[in-house]
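Colleague: Here is how the chains run, residue by residue.
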Amino acid sequence: MKWIAATLLAALLVLLPSFAGEFYLNLSSQILIAVIFALSLNLLVGYGGMTSLGHASFLGVAAYISALLTSRYGWGHGPAAIVSILGTTVMAALFGVIALRATGLGFLMITLALSQVLWGLAYRMSDVTNGDNGIPGLTRPMPFGIPLDSPAAFYWFALIVTAFAYLMMAIFVSSSFGSSLKGVRDQPRRMAALGFNPWMIRWIAFIYAGFWGGVAGLLYVYYHKYIHPASLSTASSAEALLGVIAGGSGTLGGPVAGAALVLLLKNYASAYTDRWNILLGLVFLFIVLVMPTGIVPGIGKLVARLRGGSR
Amino acid sequence: MIAPTSEYALEVVNLKKAFGGLVVTQDISLAIRPGERRLIIGPNGAGKTTLFNQISGDMRPNSGQIKLSGADITRLAPYRRAHLGLSRTYQIITLFTGDTLEHNVTLGLLGLRPSRWQMWRPLSFYGDLANEARRVLDAVGLLHLAAHPVSDIAYGEKRRVELAMALAQKPRVLLLDEPLAGLSNTERSQVKSLIASIPRQTTVIMIEHDMDTALDLAETVTLLNYGRVIVDGDRDAVIADERTREVYLGV
Amino acid sequence: MQFWIIQGLNSLSFGGLLFLLSSGFSLIFGLMRLANLTHGAFFMLGTYFGAIALRTYDGLNLWVTALGAGFAVAAIGGLFERLVLTRLRSNPLGQVLVTLGMAFIISDACLVLWGGDSIPVPTPQNLQAPTRVFGFVFPTYRLVLVGCAVASALALYFLLERTRLGAMIRAGVDDRQMARAVGIPVSNLFTVVFCLGAGIAGAGGVLGGPILSAYPGLDADMLPLALIVVILGGIGSLLGAFIGSFVIGLIYTFGTALFPELAYIILFLPMIVVLAFRPQGLFGRVGA
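Line order of the protein sequences matches chains A, B and C.
Letter by letter, the first sequence follows residues 191 to 501 of the working numbering.
Letter by letter, the second sequence follows residues 6 to 256 of the working numbering.
Letter by letter, the third sequence follows residues 3 to 290 of the working numbering.
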């Protein structure tokens, strides 16, 4: 049953460009990027028990590094991508050292403060970042000489990267390190007594999450060909967190569904209103008050109950 | 593993811990030989669990020294102590409730192995871990529940999982914090024979209020009161000591 | 010389504003174990209320306006606490997320109601003339602002240390279970403290108006400063919030004046130093 659904979904994703129009292909590409980003945040929130409100830092910094290197310094996309991901990962290592001085709400506050500082920096350092105007006129890379300018080509590219990211993160959480991480989330004191180094485990997970956040950031800037300080904002971090929690944190499917939902909502809402932030806030209230465990586990429970009832 | 360089498995020297003005352990000194069975008794608030927390590294003492087989571990992080052969159980059951019994015990095994850092292979790749975990569960009589989540099993069984996680590590020094707390008579005798069967390579230090059962298991006894060692020595001598009677009977 | 003195006073007055913002945040966190991310929005709401009231009614007194706006914001905070936060008492993460959601709602609502342009808040007429001391010229309003912050710090100190309500709050900060066990109505206390914190932030928003004016994004500018103050000073500590506010006020003001592009990075530094050596904050008793 599960396999049939997965195969159908895979077939749908692969065949999408053959029947979907440009609008839907572009929307799908954006969803794929949001999915990578939510999955990486979920490594922290769901599997590590570290609720970060600063994950957009990684997306934004990776995007800015790539944008600056390619547009201002004339680098090729290949080296720019490598430096951008490397730089983001190093930044994650540094941020991790600072933020992991605390756990729980302290961790949340520090990640929020750090990301707000970066956001402020992107606004104020207009010599470098072009401030509120953002950096327009960027290009997309041409992997193996294939241009990604058409919606279909970019969709394929994003799909491949997303599939790879999903696979890597799925392997990560089911590995023995993943078990260590979940153990530290549930019983840090016991884990330390058993010989695990909780701090190191959290730190490594933080860096890994930062890495994939950076990958999402690269795709983000390739897609939009533009970058603005807003991508570093709390709202950007919060949207991803909403996706993770709405879908169901600590599951692999949850953030995928949640991120897709938030992006669709944002997209359709923006057709009718500019008040996305009010809607975002209301959805936050609704999700937390009404379905705190998320949609995917909620549906799972419902299915289990229906099956139990039919027997 | 470092070679034992001391005649003591665990040595505690003048250990002091205070929270603000409240002194919880004061000048505690203990010397426990390899293979010894030591019982630590004392009224509530005598500082027994605080002593354990300092030995295991959950709390830093204000002053004093802790040595494991002669090596100074006073300032080591808890996980490093585990790698030197120290294990503990908790008075308040501290298990991974959503995971199976097998997974719980596997974590105990994983904690001491380099494969805990392995990010590419699933945990199930390590078949030897699972086999060993099942062997330990068998030893505590819980093999039939190996695939059940901890949240499904009875309280007395959880106590045995606590023990199994620690035993799986084959520790040199094992700290048991009230392993009999809240058990029925039947469960008590089950756990008692389990503790009695711990091999002599493991030194056992146990906090327990149930004297009837615990005294049978102990060779030596330390009596704590108000954070100090009152009496310390062979079981029968400590029981016979007047000061023990004073603490327990208040005369 | 004039530059240093003026910037010194600016940093003191900004520090005073930060105290009005972060003292409530710290109290709420200390008692309720809640990182109230709506706090920046409460401050901004106060500024807008003040700006609109003063624009609409000519000759309205700034101090009366601040008091009124404080009560209005306290009422909004109280409603939010009663209607939403009380349902999530056993879900600390959920609480933070709804305060974040609420912050988005307020922030965006301000934009809808009052537009994207900044609205100035006039300095009271009798405080517009500069004060001269030893031949140096000081903006009078900023001097008064520092006085306000010190006065409210003293009032808060008196409230916490000398009144029955304060004794209950302190008991709750130290040990919530124990406070409940000895019969302190902790749930009501939460509401009171939340209203109080929101109210101070709202009134502080009005008083900050003549310096900052009301603009969209004020909340996002202020909230991280409050977070950094509280991380620096220690959670739940009034003294920590006081010292932290003036330290951050100083660093931020001089940073902005001397290295305008790097002011935000400079804010990092004290936070990192404190986290490295004293993760519980300068005056905090426990870690977050």
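Please note that the accuracy of each hint is not assured.
[Stated by the list, open to error] Label pairs and their in silico Cβ distance ranges:
| hint | chain 1 | residue 1 | chain 2 | residue 2 | range |
| --- | --- | --- | --- | --- | --- |
| 1 | B | G103 | C | T58 | 50 to 60 Å |
| 2 | B | W125 | C | G10 | 50 to 60 Å |
| 3 | B | R126 | A | K415 | 35 to 45 Å |
| 4 | B | A201 | A | L198 | 53 to 63 Å |
| 5 | C | A169 | B | G187 | 50 to 60 Å |
| 6 | B | I98 | A | S460 | 42 to 52 Å |
| 7 | B | R126 | A | V493 | 29 to 39 Å |
Since the hints were derived computationally from the structure, they do not count as laboratory data.
Every value quoted in this text rests on a predicted model; they were computed, and no experiment measured them.
All residues carry an ideal CB built from backbone N, CA and C; glycine is no exception.
Colleague: Compare the structure with the hints numbered earlier in the document and write down the numbers of the violated ones, lowest to highest.
Modeller: 5
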